[in-house]
Amino acid sequence: MLPQSLRTTIPALLLMVTSCTTSKHIAFLGFDGCPNTPELRKRLVEAEPSLQIHDVDLLSLESSDYRLGWGAPTILVDNEDLFGVQPAKNGNASCRNWSGGLPSVEDIRKAIRRTP
43 MLPQSLRTTI PALLLMVTSC TTSKHIAFLG FDGCPNTPEL RKRLVEAEPS
93 LQIHDVDLLS LESSDYRLGW GAPTILVDNE DLFGVQPAKN GNASCRNWSG
143 GLPSVEDIRK AIRRTP
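For the sequence shown, this note's numbering assigns the number 43 to the initial residue and increments by one for each residue that follows.
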(Lines of atoms letter the chains of each structure in order from A and count residues from 1; the text may use other names and numbers.)
(Lines give C-alpha, C1' and ligand atoms only; values in the text may rest on other atoms or scores of the structure.)
Protein backbone atom coordinates (compact mmCIF):
# COMPACT_ATOMS: atom_id res chain seq x y z
CA MET A 1 0.00 0.00 0.00
CA LEU A 2 1.20 3.52 -0.80
CA PRO A 3 1.90 6.00 1.98
CA GLN A 4 -0.81 8.65 2.44
CA SER A 5 1.40 11.40 0.99
CA LEU A 6 1.80 9.48 -2.28
CA ARG A 7 -1.90 8.62 -2.46
CA THR A 8 -2.72 12.33 -2.66
CA THR A 9 0.33 13.41 -4.67
CA ILE A 10 0.01 10.93 -7.53
CA PRO A 11 -3.57 11.92 -8.50
CA ALA A 12 -2.57 15.58 -8.36
CA LEU A 13 0.38 14.92 -10.67
CA LEU A 14 -1.83 12.98 -13.09
CA LEU A 15 -4.28 15.88 -13.15
CA MET A 16 -1.45 18.31 -13.89
CA VAL A 17 -0.11 16.15 -16.71
CA THR A 18 -3.59 15.73 -18.19
CA SER A 19 -4.34 19.44 -18.02
CA CYS A 20 -1.01 20.27 -19.65
CA THR A 21 -1.58 17.95 -22.57
CA THR A 22 -5.21 18.90 -23.12
CA SER A 23 -4.66 22.67 -23.06
CA LYS A 24 -3.24 22.62 -26.58
CA HIS A 25 -5.65 23.43 -29.38
CA ILE A 26 -5.17 20.81 -32.10
CA ALA A 27 -6.64 21.49 -35.53
CA PHE A 28 -6.44 18.97 -38.32
CA LEU A 29 -6.74 20.58 -41.76
CA GLY A 30 -7.93 18.41 -44.59
CA PHE A 31 -10.59 17.82 -47.21
CA ASP A 32 -12.18 14.95 -49.09
CA GLY A 33 -10.19 14.07 -52.17
CA CYS A 34 -6.77 14.76 -50.71
CA PRO A 35 -5.21 11.29 -50.56
CA ASN A 36 -3.01 11.77 -47.47
CA THR A 37 -5.72 13.27 -45.26
CA PRO A 38 -7.15 10.03 -43.80
CA GLU A 39 -3.74 8.46 -43.17
CA LEU A 40 -2.24 11.47 -41.39
CA ARG A 41 -5.33 11.85 -39.21
CA LYS A 42 -5.09 8.16 -38.27
CA ARG A 43 -1.43 8.63 -37.32
CA LEU A 44 -2.25 11.72 -35.25
CA VAL A 45 -4.85 9.80 -33.25
CA GLU A 46 -2.45 6.90 -32.79
CA ALA A 47 0.33 9.24 -31.64
CA GLU A 48 -1.77 10.95 -28.98
CA PRO A 49 -5.12 9.17 -28.45
CA SER A 50 -6.22 11.52 -25.65
CA LEU A 51 -6.04 14.70 -27.76
CA GLN A 52 -9.16 16.62 -28.64
CA ILE A 53 -8.86 17.19 -32.38
CA HIS A 54 -10.80 19.89 -34.20
CA ASP A 55 -11.28 18.79 -37.81
CA VAL A 56 -11.26 21.65 -40.32
CA ASP A 57 -12.53 21.10 -43.86
CA LEU A 58 -10.45 23.50 -45.96
CA LEU A 59 -13.15 23.54 -48.66
CA SER A 60 -15.66 25.03 -46.22
CA LEU A 61 -13.53 28.05 -45.20
CA GLU A 62 -14.01 31.63 -46.33
CA SER A 63 -11.43 32.71 -48.91
CA SER A 64 -9.84 35.09 -46.39
CA ASP A 65 -9.23 32.38 -43.76
CA TYR A 66 -5.50 32.18 -42.91
CA ARG A 67 -5.66 28.38 -42.60
CA LEU A 68 -5.98 28.12 -46.38
CA GLY A 69 -2.28 28.99 -46.47
CA TRP A 70 -1.46 25.41 -45.50
CA GLY A 71 -2.15 22.46 -47.73
CA ALA A 72 -4.00 19.37 -46.62
CA PRO A 73 -3.32 17.50 -44.53
CA THR A 74 -1.80 19.75 -41.87
CA ILE A 75 -1.70 19.51 -38.09
CA LEU A 76 -1.87 22.84 -36.26
CA VAL A 77 -1.07 23.17 -32.57
CA ASP A 78 -2.26 26.50 -31.20
CA ASN A 79 -2.51 27.83 -34.79
CA GLU A 80 1.08 26.89 -35.66
CA ASP A 81 2.11 24.10 -38.04
CA LEU A 82 3.34 21.14 -35.99
CA PHE A 83 6.43 20.84 -38.20
CA GLY A 84 7.21 24.56 -38.52
CA VAL A 85 5.94 25.18 -42.06
CA GLN A 86 4.79 28.75 -42.58
CA PRO A 87 1.49 29.35 -44.38
CA ALA A 88 1.44 30.74 -47.90
CA LYS A 89 -0.14 34.16 -48.30
CA ASN A 90 -3.45 34.19 -50.15
CA GLY A 91 -3.60 30.41 -50.15
CA ASN A 92 -6.41 28.22 -51.34
CA ALA A 93 -7.38 24.61 -50.66
CA SER A 94 -4.69 22.31 -51.99
CA CYS A 95 -2.97 19.06 -51.12
CA ARG A 96 0.25 19.41 -49.15
CA ASN A 97 3.42 17.98 -50.65
CA TRP A 98 5.22 15.90 -48.04
CA SER A 99 8.50 15.49 -49.93
CA GLY A 100 9.90 13.04 -47.38
CA GLY A 101 6.61 11.20 -46.99
CA LEU A 102 4.06 11.60 -44.22
CA PRO A 103 5.48 11.91 -40.71
CA SER A 104 5.44 8.69 -38.72
CA VAL A 105 3.40 8.18 -35.57
CA GLU A 106 6.60 8.63 -33.55
CA ASP A 107 7.52 11.86 -35.41
CA ILE A 108 4.09 13.26 -34.60
CA ARG A 109 4.29 12.18 -30.96
CA LYS A 110 7.72 13.78 -30.51
CA ALA A 111 6.67 17.01 -32.25
CA ILE A 112 3.56 17.37 -30.08
CA ARG A 113 5.55 16.82 -26.91
CA ARG A 114 8.05 19.49 -28.00
CA THR A 115 5.34 22.14 -28.35
CA PRO A 116 5.00 24.51 -25.41
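By construction, these hints were calculated from the structure, which means they are not laboratory data.
It should be emphasised that the depicted structure is a prediction, and the values quoted were computed from it without experimental measurement.
Be careful, since some hints might not be right.
Think about it this way: if two alpha-carbon atoms lie no more than 27 Å apart in a straight line, the pair counts; the simulated DSSO-like pairs of lysine-lysine are [to be verified]:
id : residue 1 : residue 2
1  : Lys131    : Lys66
2  : Lys66     : Lys84
3  : Lys152    : Lys66
4  : Lys152    : Lys84
Here's how the hints hold up against the structure:
1. Lys131 <-> Lys66: Holds, because 25 Å separates the two Cα atoms, which is no more than 27 Å.
2. Lys66 <-> Lys84: Holds. Lys66 to Lys84 sits at ~19 Å (cutoff 27 Å).
3. Lys152 <-> Lys66: Distance ~15 Å between Lys152 and Lys66 Cα, so the pair holds.
4. Lys152 <-> Lys84: holds, 16 Å
Every hint from the earlier list agrees with this structure, and none is contradicted.
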